Amino acid sequence: SRSSAASDVYKRQLLVILAVLGVSCLWWWPFVRHLSRPLLKMVHYAERVEMDNFVCLDKALSDTRTFSGERRDEIGRLGHAFMTMTRRVGLLISGQSQFIRHIAHELNTSLGHCDLGLAVLEKKSEGEYRERVRRVMRELDNLTQLTDDVLEFLRAQSAPQPASCEEVLLLPLLADLRRNFPADADIRMDIPENLVVWGDKGCIRRAVSNALRNAVTYAGSKGPIRVRTGFRPVDNAVLLRVVDSGDGVPEAELPSLTEPFFRGAEAQRKHPGGSGLGLAIIRNSIEQCGGSVFCANEKPRGFSVTMIFPCGQRGE
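Following this note's numbering, the numbering of the sequence shown begins with 1 at its first residue and continues without gaps.
These are calculated hints, taken from the structure and not from any lab test.
Since we're looking at a predicted model, the values are computed, not measured.
Take these hints with a grain of salt, some might be off.
Derived lysine-lysine pairs resembling DSS-like cross-links, with alpha carbons at most 27 Å apart [unchecked claim]:
#1 Lys222 x Lys270
#2 Lys299 x Lys222
#3 Lys41 x Lys59
#4 Lys41 x Lys11
Construct the complete structure from the given sequences, taking the supplied hints into account.
Set out below in structure tokens:
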């Protein structure tokens, strides 16, 4: 019948179309694969580049033909140029960091000598002259704090990855840090005596010290600063929180707070002269311990820095 004949024609046409598509796929697949594989390698390479010094963490990947220069086509040249560019940027960043470290160290030495001389001059001055010397000393203290922040940030960046972690008893470390702050700073600690965290003692000290200094600087006069701990049973992580009673920060600025040298408009207006490195130092220090940091505004008021430490070697 005509309907069955038409159906046979449609079936033959469909088979021909499927056959053509199959042959096309077989024909183009090697070519598409030839293009997509090196492009995927470039994506993986970019994802594995450490942003602090632009070094690819996957040595085996950087030695493949796509990046080594052995592949002579346009894709190989692009991959090799991409790898060369990241290495040059890494060398520039490394040289810049060394230069800044040298300058900050020299400034610190000179500022120390100036501070010593001004202290002697203050004792010998009287009245208006003594007050002027004290104003200069306060400005000098701000400069010294700025250079200390830069050196501490560069020290945190250059620390070995990962840090040499161990079990650290938290309460004695925090009690020792408390002595570095003025006696009138209202810092209240609620830490169990036997609480142990897993991390590098120097990194933990650096992170907590900066969190406390940040709270004292921005909210020390507005209420108590509380240091609390918590436990996250999902991954057995220990949470260390530094919570102040200040006004917090605009919500739009929260994602950028741990970026180096970032300072919000409100912070610059109320507290000029800061370095914007305190929270970046906290993030680098905790990440070296395998942990993480996040900042949040508290309700109804306040600001918190939460440091998350992974479970210990024995999972305790």
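>> Can you confirm whether the C-alpha distance between Lys299 and Lys222 stays at or below 27 Å?
In response: Holds, at roughly 15 Å.
> For the pair supplied as a hint, Lys41 and Lys59, is the alpha-carbon distance within the 27 Å limit?
Replying inline: This hinted pair holds, its Cα atoms lying about 13 Å apart.
> Within 27 Å, alpha carbon to alpha carbon, are Lys222 and Lys270?
Replying inline: 14 Å, holds
> Is the hinted pair Lys41 and Lys11 satisfied, with a Cα-Cα distance of at most 27 Å?
Replying inline: At roughly 43 Å apart (the allowed maximum being 27 Å), Lys11 and Lys41 break the hint.
Against the hints set out earlier in the document, a violation occurs for number 4 only.
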